[in-house]
Amino acid sequence: MKIAIASGKGGTGKSTVAANLACTLALSREVALVDCDVEEPNLHLFFPDSAVDVPVTTPVPEIDPALCNFCGECGKFCRFGALSVLKDRVILFPELCHSCGGCSLVCPQGAIEEVPRTVGRVACSCPLPSLTLVSGVLNEGEVMAPAVIRAAKMLAEGHPLILYDASPGIACPVIETLEGVDACILVTESTPFGLHDLRLAAEVVEGIGIPAGVVINRSDGQDEETLEFCRERGLPVLMTIPFSREIAAVQNRGGLICRDLPGWEERFADLFEAVVKIVGVSP
Amino acid sequence: MIVGITARAAGTDAPVEQRFGRAPYFVFVDTETGKAESIENPLVDAAGGVGPRAVQMFSEHGATVVITGQVGGNAARALGMGGIKAYAYRGSGSVAEALAEYTAGNLQPLPL
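For the record, the sequence lines run as chains A and B.
Per the UniProt record's numbering: the first sequence = residues 1 to 283.
Per the UniProt record's numbering: the second sequence = residues 1 to 112.
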């Protein structure tokens, strides 16, 4: 079973929910936790351990100067500006390349070959006996987050239970993370921003056709608008985490509330049961 | 020599546009014949990577000099490697006025 944790808005507590859920589940079964927030992965802060790095490469064009006649077709085709064809040379901007391969297809001279270029890495570790942590790390200045996410997901493939911690937003990296998941936990917070972005994220999972439920984090107890929205959209509220100094203190020192505060291990176990229920299959 | 100038509309009476890759029009003036050709920039609403693509268009039109407000890093690299010189025009005048300033030697080269 594959469960994604997404939110729309940043900072609502995706990683908190993912880390605590993974830690709780690892007490009773094998779990793989995948950090798909590759521009700023942070799950390793909850689970410090030495990791093995696997580089992630994407194909980028290489021009054979003996065959290129500077016709300019590749530069006209590339909508990302990764090639600029001038009178007597082709200038490559590999960091702008989205690895679509189109330039090599449109080149009438067959002068373009694709070569691998490192854009990030995947760090794999086993911080707990039953927990595998797979963190995607995109190199600074790179744009190909989906390639690193794909690699991280691939390295976790084969585990019976996989949790994916998505990046904020609803753009390509989130869509890549949601690809092939059985259920999505949408984490929101008791603010107008939290609700606004929950709406967007809910539309995305509905559009893809993924069963979803909501976790309200930092709840001030006045969540009528969020609850109303969830009722309207048929989204079950799976869990509510209160706005509490005690929880914040555990969180701020990199601790896990399922481990450090009484009652939370049970609540995260219940959260898993609730997710299983919305999927409608046995885990 | 062909001079390419970023503009807000077609023709040499159009005001100069400060942005390079997202300028609505490019006006190419042949300084020998005085003939001007205006092309609408298809990259105005492109998502990204407009600098290198705009440089390719300038190169295709045979421009060896660019007059614009400023250029980004990728455009600067492509212009520099392509041997196309870029000059800054920060005024609010027309394409023709910017060209006159360039011809008079009053424009500063942009660092490429």
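Treat the hints as calculated values from the structure; they're not laboratory data.
By construction, the Cβ of each residue, glycine as well, lies at the ideal position given by its N, Cα and C atoms.
A couple of the hints might just be wrong.
[Claimed, not checked] In silico lysine to aspartate or glutamate, EDC-like type, Cα no more than 16 Å apart, as pairs:
1) Lys87/A <-> Asp13/B
2) Lys277/A <-> Glu203/A
3) Lys35/B <-> Asp13/B
4) Lys85/B <-> Asp45/B
5) Lys76/A <-> Asp13/B
6) Lys277/A <-> Asp260/A
[Said to hold, decoys possible] Only some residues are given here: those of chain A computed to face chain B with a beta carbon under 7 Å:
7) Leu92
8) Phe93
9) Leu96
Structure-based check of all given hints:
{"no.": "1", "hint": "Lys87/A <-> Asp13/B", "result": "29 Å, violated"}
{"no.": "2", "hint": "Lys277/A <-> Glu203/A", "result": "21 Å, violated"}
{"no.": "3", "hint": "Lys35/B <-> Asp13/B", "result": "13 Å, holds"}
{"no.": "4", "hint": "Lys85/B <-> Asp45/B", "result": "25 Å, violated"}
{"no.": "5", "hint": "Lys76/A <-> Asp13/B", "result": "29 Å, violated"}
{"no.": "6", "hint": "Lys277/A <-> Asp260/A", "result": "27 Å, violated"}
{"no.": "7", "hint": "Leu92", "result": "9 Å, violated"}
{"no.": "8", "hint": "Phe93", "result": "6 Å, holds"}
{"no.": "9", "hint": "Leu96", "result": "5 Å, holds"}
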